[in-house]
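Visitor: The chain contents come next:
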Amino acid sequence: MRDDFSITFRSHPKLLKPVRALVRNYLETAHFSKEKIDDIVLGLDEACTNCIRHAYHGARSGIIQLSARLGTIWLEFELQDCGSCPPKDFLHREKRNDITPTTIKPHGLGLIILKRAFDNVSFHVNENGKNCLILRARRKAFKKG
Amino acid sequence: MSIDIQTVEQNGNYKIQVCGQVDLYTSPNLRKVMLETVDKSKDLITVQLSQVEYMDSSGVATLVEGLRSATKQKKTFQLLSPSHAVRKVLNLSRLETVFTIKEDNEA
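These protein sequence lines map, in sequence, to chains A and B.
No gaps in the numbering here: position 18 of the first sequence is 18 in my numbering, and each next residue is one more.
No gaps in the numbering here: position 2 of the second sequence is 1002 in my numbering, and each next residue is one more.
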């Protein structure tokens, strides 16, 4: 499957807004429902935010590459970075029991959102040593316009 | 900067009015204003969110910090008329029941 687009941008938080706009336009062109577009844009934004915060530890000079491809069944995004490798189990750290105003903690929310926004999320380190996050959403769930 | 934050005082309590997009770039501003406002409010902090076009987890984390700080100080922290974008991210992060949410006509 060929990429529909691939962009490279610095790990600067101010670039999140134009990246969101690009992805939103792309999904609108492909006639996805507004509700699903909102979910995917939010999930992808969380993935980019994780790159900036955790892979590059807030450094603004890191490189992030985002590719998108649309198949007959799946919409797939691939996010690559050259930052720190996350812990092996980072995609499976979702425990949020007994949340109250006194026990709630202001971190770990991005991963929860990311996993709820996409149908399938996987991570690997590629042959070039880059972190690769693959985010997939089923197309059949989308409403065609 | 794609965010506008204003505070309004009434009888010693403050309302924070947020307009625009809250993400990793803009949430540090909101955090600063929110924590200062929680400290100086008498007993109630209201965060007006009807004009928020977009919010991500860093925005939710900021709200969580405001709530925690207010709770520690035995003050009430409430969200007012959250927009669709805010409700969506609260729902996806499973935190919609943690916050006290009011609509404009009941605040």
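Note that these hints are calculated values from the structure, not bench results.
Bear in mind that the values here come from a model prediction, so they are computed numbers and not experimental data.
Each residue gets a CB set at the ideal place from its N, CA and C atoms; glycine is no exception.
Where hints are given, some of them may not hold.
[Stated by the list, open to error] A few chain B residues that don't get close to chain A, going by computed Cβ distances all over 10 angstroms:
#1 1005
#2 1014
#3 1033
#4 1043
#5 1088
[As the list claims (entries may be wrong)] Which stretches of chain A does chain B cover? Using the computed rule of at least three CB atoms under 8 angstroms from a CB of chain B, they are:
#6 18 to 31
#7 38 to 44
#8 47 to 57
Visitor: Does the claim that residue 1088 (chain B) lies off the interface hold, with its Cβ farther than 10 angstroms from every Cβ of chain A?
Guide: Since the minimum Cβ distance to chain A is about 6 angstroms, residue 1088 (chain B) lies within 10 angstroms and the statement is violated.
Visitor: Beyond 10 angstroms from every chain A Cβ: check whether that's true for residue 1005 (chain B).
Guide: Consistent with the label, residue 1005 (chain B) stays out of reach of chain A, its closest Cβ about 17 angstroms off (over 10 angstroms).
Visitor: Please confirm whether residue 1033 (chain B) is truly not at the interface, meaning its C-beta sits more than 10 angstroms away from all C-beta atoms of chain A.
Guide: 16 angstroms, holds
Visitor: Mind taking a look at whether chain B covers the region 38 to 44 of chain A? Criterion is 3 or more residues with CB to CB distance under 8 angstroms.
Guide: Check passed, 3 qualifying residues.
Visitor: Okay, the region 47 to 57 of chain A and chain B, do three or more residues pass the C-beta test at under 8 angstroms?
Guide: holds (count 3)
Visitor: Mind checking, does the region 18 to 31 of chain A have 3 or more residues with a CB under 8 angstroms from chain B?
Guide: violated (count 1)
Visitor: For residue 1014 (chain B), which was marked as not at the interface, is the minimum beta-carbon distance to chain A over 10 angstroms?
Guide: 19 angstroms, holds
Visitor: The output says residue 1043 (chain B) does not contact chain A. Does that hold with a beta carbon cutoff of 10 angstroms?
Guide: 15 angstroms, holds
Consistency note: the structure conflicts with the earlier hints numbered 5 and 6.
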